[in-house]
Amino acid sequence: MALELVFIAIGCYLAGGLIAVATPATPLARYFAAAAGTVGSLLLAVGAVEALISPELTLQFPVSTPLGGFELRTNPLSGMFLLLTGVVGTAISVYSSDYVVHVGGPSRQASLLALLNLTFATLAVLLASGNALTFLLAWELMSILTYVLVATEYDHPGTPQAAFLMLALSEIGFVAMALGFGLIGGFDPGRDFAAIATGGLPAGTASAAFVLFLFGFGAKAGLLPLQGWLPEAHPAAPSNISALLSAVVVKMAIYGLVLTAVLMLGSPPIWWGYLALGVGVITAVYGILFSLLEHDLKRALAFSTIENLGFMVAMIGAALIFESLQMPALEALALVALSLHALNHAILKGGLFLGAGSVQTATGSRDMDRLGGLWRRMKWTGPAFFIVATGLAGVPPLNGFQSEWLGLMVLLQSHSLHGSAVRLAMAASAAILALTFALAVTAYIRIVGGVFLGAGRSREAQHAIEVSFTMRTATGLLAGAAVVLGLLPPLGIGAAAAAAQWVSGAPGVLDSVLPPVFLHPEQFALPVKLGGTFLSQVLPVNGLIVVPTDAGFSSIAPTYIFVSLAVVIAIVALLLRLGGNRSRQTRAVWAGAIPQWEPSMQYTATGFTNPLRFIFGSVYRSTRHIEGDYEHAPFFARTVRYRHTFIEPIEEYVYGPIVRSAQNVSQRLGIFQAGSVSLYLLYMFAVFLVALFLR
Amino acid sequence: MSRWVLRGLASGIKTTSYPKSPDPGASNAPAAIELNVGALSPELAIETARICPTEAITIQGDASTGSLQFDMGQCVLCGRCVRKAPEAFAYRRAPEVAVRRRRSLETTVSWRDGRIANVAPPNEPADALDKAAELRQRAHRLFGRSLHLRHVDAGSCNGCESELQLLTTPYYDLARLGVFFTPTPRHADGLLVTGVVTRQMHQALIATYEAVPEPKLVIAAGVCAIGGGCFANGPTTHGPLDSILPVDVYVPGCPPSPSALIHGLLLATSKAEERYRPGGASGGA
Amino acid sequence: MSGLAELAELAGLPYRRGAQGELWAECPEADFTVKARELATRALLSDLFACGHGTRRSLMAVFSTIGDSAWLVLRTDLSEDHFHSLTEAVHAASWYEREIAEMFGIRPEGHPAPQPLRLHDWPHRYHPMRDDLSDMKSLPAGHGDRVPKVRGQGVFQLPLGPVRSGPQESAEFLFNSGGEDLVMVSPRFGYKMRLVERLAEGLSVEQALIHAERLAGISTYSNALAFVQAAERAAGVDVGRDVNRARSVLNELERLHHHFGHLGRVADSTGLTVAAAQYAALKEEVLRACAELTGHRYLRGILAFGGLSQRLTAAGQDHLAEALPHWEVTSHRLEALLEDTATFIDRLDGTAVLLTEYAAQHNLLGPIGRSTGADRDCRRDHPYACYKDLRFDVLVKSQGDALARVRIVLFEVSQSLRIVQQILEDWPDAEPAGIAEVRGGSAFGWAEAPGGEALHFVQLDDGGRIQRWRARPPAVVNWHPYAHACASGNNLTDYPVIEASFGISHAEFDR
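Residue numbers (my numbering), protein chains in the order written: chain A, 1 to 695; chain B, 1001 to 1285; chain C, 2001 to 2511.
Think of the hints as simulated: they come from the structure by calculation, not from any bench. Please note: incorrect hints may appear among the correct ones.
To be verified - To be clear about the criterion: a stretch of chain C counts as covered by chain A if any three or more of its residues have a C-beta under 8 Å from a C-beta of chain A, and this derived list gives those stretches:
hint, stretch
1, 2101–2109
2, 2236–2249
Said to hold, decoys possible - Distance windows between CB atoms, simulated:
hint, chain 1, residue 1, chain 2, residue 2, range
3, A, ILE615, C, GLU2006, 55 to 63 Å
4, C, ARG2125, B, ARG1138, 48 to 56 Å
5, A, PRO27, C, ARG2125, 53 to 61 Å
6, C, ALA2336, A, GLY656, 50 to 58 Å
7, A, VAL589, B, PHE1180, 45 to 53 Å
8, C, GLU2006, B, PRO1086, 22 to 30 Å
9, C, ARG2151, A, VAL677, 52 to 60 Å
10, B, GLY1008, C, LYS2388, 40 to 48 Å
11, A, THR533, B, PHE1180, 45 to 53 Å
12, C, LYS2388, A, ILE615, 35 to 43 Å
13, C, ASP2462, B, GLY1239, 57 to 65 Å
14, B, ARG1138, A, LEU576, 18 to 26 Å
15, A, ILE615, B, HIS1140, 31 to 39 Å
16, A, ILE615, B, GLY1178, 41 to 49 Å
Unchecked claim - Computed, partial: chain C to chain B, Cβ under 7 Å:
hint, residue
17, GLY2489
18, LEU2492
19, PRO2496
Each residue gets a CB set at the ideal place from its N, CA and C atoms; glycine is no exception.
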């Protein structure tokens, strides 16, 4: 059933693509193409739910190639990622119906829609692939398609280079990944995954494969040191593609890592876990530190994606550690946190990028220092953006908080482990991640405040107009999904638990994380004592309290937080209404009675995090230049110029030297390309001689 | 750091007992002028009007028939009239000189045929007195326990600010009386304005007044705010404060001493009574 | 021959002697700028102002030099409504010329930054010292321009004022910040301008004395003293030794209460509330002593044209004699404690540095000037009242930061106490002044106000009425380098400390 739905979904996507290119470029064609994509995504989501609850299904294609055959399958793990693809895909398709108009002319719009639908189809195939051949082909196709999509606006300066960087790093990753698959599959791409999972491998080969996979998938996920493409590609791409990249495409790397490292390479040594945990945590901190310094909205969001991806890889590391320590229950918990965060982040980051796209469409600018005051002018996008930003900042009771909290709880389980190295590693990671999440709150306060609050800092911001119905609705959809997931933990955790159970093999994961307090109150004394049976008559779920390990350690109930917040707000509103005469006086902003207040007299996003430049100065190596324009003496300066610079360590110390040495070497080798035909003939003759000699 | 604590403790308590009981040390400078009509003659009146530099003393008519008007709201306490006619113009050192009405600071002495005729008290219509009592009760109810004031310097010489700043220091300690200065008008119960209102500060003053939520008080501290003092007809003077805002309390002086300011603030919250009239009688008109 | 006389001759300027200690040199309009520049290379420009109405207008530049107690005045009659600016060569002339331009409508050509000084948001065609005052109130407002402008990614502004936080004077400071750092502070003054100079025109000296006293509040006496001395020198009145001694002790008492208040505010800005309270208590005690002595806490009403308006009371003298040792002990103790408080010293050390070379171009006065190495104190350099007979020292530092300024103020406090003690030992028996004989003339008068040298010029007509009064309190000069000091690498949180450590009066500047 699940696989059938996936097929139909792929069919819808292909139909949509065909409509886009085959019909004349009219608004109706646009809407049909987008609608096809929407329907396809919805079907994909439904199919995903089916995949989550049913056992593994496989389908082999009759087509055979020299490398092997094609195979598709669905299982709960792929179902989890199909779900997030479907949900976010729905929103992106709805958004794209009107958004593509702002990207270019009719032909560009058509190609954008067609390629988008084709990419969705490729993603579906990727997630449903059952052997290495299908997987790698789909992956390559996805890389190329996303490259073309990112380069849609190739006439903008910097876009082709950004897309190229993305492709280059993607290909480097692909080579590593393909080698990894080769190592574990005996260089037989046609062998299906199920067969590989059960086979034993010598330790050296397995470890080499693991490192290759971490590196290869890390390139697509944006792990250090291969994260360079993210901050470049996201601003360059049209916003619906940025959303696709951040929400869906990078999750494919997470899917791949879980598939290979956790699932197929069974019984890992503990250092795999340490490696993944370490790389993940450092990536997370790096991502958020640089997000705080960016004044380009989409670059800031891109760095935030790096942060979240780092967190997810850290969870994979935790899962590997628990797997190596033979603790399936905790491994499952780590996988629950991971899957849930993948879903949450996809929805939230998708919403953020779609919202950012709306902001850019409305104002023509991505520079947060020139925006502001959009809350009043964009009455739909504003609240939607606010909700998803709050979610991603990890503020309870929205969904982002649940997955981040679960992740920290996983790492805090170090107290039940033996061995000082592992306890130290996990505790340190928990501390650094806690710092990261705190900085993430700052980052989102800065983003929301800089873009939406206050007064518009430029004419564009002051005259912004809310975007069209479909664009608003798409962002609103994702915001709504975030609220629903936050309100009803059984939805998200249910899906994540299904995937985690299938991967880890631990029994009863869902019941352990979300105890069925409503069904069996007598078995859960502590949660019931804390009020865990509230709403048991109202909602058709088994329980609403999230308990990572046991109720004595920690538990949260986001639903109850929602309910109590609502009740408190209602009571306060009622009291205010009943509280008698309350006259309301509206006055101008108080600014010391200055004769003329200007919008430049507000904190900017850059100014908000200015102190961090000093606190983390050793990372940023920030410098400040102040110069006055004057003729006679500084005393008479009429203009002063102020400039802040900082470096990105990876760009500066890793990419820079590599690129420079590569250029150096190729310049040296350039002497062979003298341009003279006779020389080339000489080369050919020499090679001919050598070949003869070897023969 | 602990040495500062010890230093503070070793200094003992310096806070004045005013207003609970009089403190002559705090009020050793004149706070206002009181007319002793019995010692006044038309010639003396005309002479003192001539030497008064701020037209606090003005004459109508001539030595045979005319009147003298004394306005404490314009008097800068230069002391020239006191030195010229010490029996007629006497210093008042007791610091309770604040009043609620502008006219309460004025008094008129008229003469006919060279003889002093009468002293005209300020005219208080009957229902105005009731209304005044009503307002006083309301002020006491609203601000009696704590009064937060926003100060605005509308163009002063800084003397009034110096005295205001001393109110929060150990000798006077305004906080013990429940009065505080706030940095933002949003949290204020009223304005305390010093200085003649200059053209440049006019808009800022109005903006500040509008930023104070209702109900609000306005206190005019110092002669510049009340009548303009020596800047009354100045080229950049916009006008006396009560031509721009409704004033609840006037505190004369140049500058008014901290004790006088305390009396004015307590008067605003109806925790004190008016005690000064330029005509020399004490306790109301 | 005095130094200034030599200088005048070197510059080829014929001079005559005016009131005692003044050398007056005339030059034609075309030579004015050249001669002034030449003089400025070897002497200090103390003031530059315009005089006169209608077609009879003149410019006057006042110079002084180290080692000579006289003043050299370079005067020229103006027939045009412009002159060549001195500012490029003499930075100290900058704000004087801006004031001349906006008050009199006389343009300084070649001035690098001729924006308004005090008349912001003011109709540009109107010049208050020249035009008819009757239509001033009905004029519409103009538009102000804020200079300098700061450009950069993420730079924003924070307005402070004109209505600021506690009971403070009204002035506006526009901060440009990159977030936490203070890139530039653009002050805007003029909110408190009452135009005292114009108000006094046509009044008698006695009447104008009231205005001179109300030019400022905590430096009211020093400015009134400079004014009344100028009038007395213009009218040729000698007040006598006793009055001079009395005037000197009052000058020092004002310096004491001003400095105690200043130190209290500095301590408050660094969070030392106990020290702030202690200094405020000292200030109150000095004010009460002043009230006991003269009948006014701020010493208003004691000065009269020709002497004092009344005797200093015997009760006041006893009170002062009793209080003085207590003030000495307390201020000495507080100074020792402050020097020992690391948090206090650290916040002032290196904050708001005024570089010596920069400050030297602006001829700064008083404690602020002395913190940058400008060794000037007009009690010592141009002795007035009875300072020639008094013994006191002057402290000079060169770091130019807030700590240097505070240390100089602390030192001045000890010296003032020393001077008061000297006068107490030989208490003056000053009779109240009689009516001074009026006579026409013009002269300068000066006094060392708590903020530095206050220089006033008075021109009387034959009836003894004021034709022109020029007041140049020390704030007019000392605000020059404020923006520069703020921008010397400080943070927003340093700003209250910076402002408190300067402690310059706004009323003195706006007048």
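- Mind listing which of the numbered hints don't hold for this structure, in increasing order? The structure conflicts with hints 1, 2, 7, 8, 12, 13, 15, 17, 18, 19, although it agrees with all the remaining ones.
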